[in-house]
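*Asks:* Using the sequences and the accompanying hints, generate a full structural model.
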Amino acid sequence: MERDSAFCSIHFLLHLLLLLTCRGSSAQKVKVEPEVVSYPGETVVLRCQFPDPGQTQLTQVSWILEKSSGARTNIAVFHPGFGVNYPMPSPVQGRVSFTMDPPSLANPTIQITDIEPTDEGKYICEYAAYPTGNEKGVSSLVILAKPENSGTSITVQAGTSPVAVARCQSVNGRPAANISWSPPSANLSQPVLTANSDNTVTVQSDYYLAPTPADNGREISCTVTHRTLPTSEIFPVKLDVQYPPQVQIVGYDSNWYIGRTNVVLTCLYQGNPIPPTVNWKMSLGRMPDSVEVAQNKLTIRKVDDSVNGTFICEVTNSLGTGKDQVAVFVRETSKGPATGAIIGAIIGVILFIALIATIVAVVCKKRMDRDGPPTHKPPPPKKHTTISYNAVPTPVNHNDNSVPLTYYETQRAEPVTDLDSYHAEDDDDLPKPFDHSPSEVEGSEMLPPYYELREMDTGTDAYPSSLSREDSFMSAPMIV
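For the sequence shown, the residue numbers in mature numbering (1 follows the signal peptide of the UniProt record, and there is no 0) are -27 to -1, 1 to 453.
These are calculated hints, taken from the structure and not from any lab test. Since this is a predicted model, take the numbers as computed values, not measurements. There's no promise every hint is true.
[Stated by the list, open to error] Computed list of lysine-lysine pairs in BS3-like fashion (alpha-carbon distance at most 30 angstroms, straight line):
(1) K254 to K296
(2) K4 to K109
(3) K40 to K2
(4) K270 to K254
(5) K109 to K211
(6) K296 to K275
(7) K95 to K109
(8) K254 to K275
(9) K95 to K2
(10) K2 to K119
(11) K95 to K40
(12) K339 to K296
(13) K40 to K119
(14) K119 to K95
(15) K270 to K338
(16) K40 to K109
(17) K270 to K296
(18) K109 to K2
[Unchecked claim] Cβ pair distances, simulated, as ranges:
(19) K296 to T125: 42 to 52 angstroms
(20) T125 to T185: 17 to 27 angstroms
(21) P156 to D277: 18 to 28 angstroms
(22) T185 to K296: 14 to 24 angstroms
(23) I207 to T185: 37 to 47 angstroms
(24) T72 to A44: 19 to 29 angstroms
(25) L324 to D277: 18 to 28 angstroms
(26) T239 to S123: 38 to 48 angstroms
(27) T198 to T272: 55 to 65 angstroms
Cβ atoms here follow ideal geometry from the backbone N, Cα and C, with glycine treated the same way.
*Replies:* Pasting the structure below:
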């Protein structure tokens, strides 16, 4: 059993080796350049080799030209025994030859002089070999032709339908060029390719839009890209849109008064083609003698009643006539200042007066604040705890103005004054103004009578003999 398995394995390896050998034999290819590029008038070299033929016997080599249509033509043949042959007729007759003299089967390279665009196609190097049969390699010859590129405008008339307004062309190029526009347009036509007899291609692209007078002079550009160009070529194009004249008269300010001098009306116009002439006239007929006309300008040396009317400017080109008119009203005197100026002056005066009033008010307020009484409340006097309650206070001289008045806070429940220390025992027989606190007096009760203080023998005011804390409130006229 093991012997059968080993035999099967050896048999499989032999088959695999044979398969690889066969694939290696079939892998031998003719070595050529896949693509060869040339320009018209140049000489092109087409290389071909059969390296390491091994057991393969090479008997003959042939060069075959295959056109894009599929037609095939032998252009060169070499046989070691019979030599070189260039079959006739052929597209490259008289311009093809082997590069080696004599050539060899190992290197049957050919060259073609004075290349033409029609020489483009597939060039096949084919060997007659034994026992594998024919072997071949294919080179594609690409003929480059640098095109002549341009961008031009197309003269059109203004309208509402899209028309071609610009054209970009790439003429006699090989291969075909690519054309693009800036800015892009939704109405671009598809590029039109035209094959020329010399195998070159002409590409044309048109730019479409609905032209308006505003499009006249507008700049667009086309870009041509081609294999022969190191960088793309850009062609600016200015649109040429024709339209009838558009006219406007300027210069009338509604202030033409009798005696005013050198007033000018200007006729502004646009048109394509440019209008050759400008014509001025008045609706009443003949121009006054005071009017001078120079192309598009009308000058009135001195205003009088004769220029009271309508002035008309007419401009004509090949597409039509455009005109504008202005009605002139001559005043007796100069027009006064504008209402807007008057309103502005009034507003300015009002603002100036308001500013002065504000400054005066601020100054007066600062002066009143400096000369008036203080607006803050002074702090309450401190209670003197070192004075005996039984000490008699020194009478105050009413004529001494240097002693400052003492302010008391009347909102406190128990006012604190210097009277708290006055409790003379010899005045107990004096009647007291209040025998109870103010809170005990009802609204319906009679207030105690007002008692005048007895004057002291010294001529000064006497103090009450005894005051309690509740009765120590002093009215404003009293001096403590």
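*Asks:* Which numbered hints turn out to be false for this structure?
*Replies:* The structure conflicts with hints 5, 10, 12, 15, 19, 21, 23 and 25, although it agrees with all the remaining ones.
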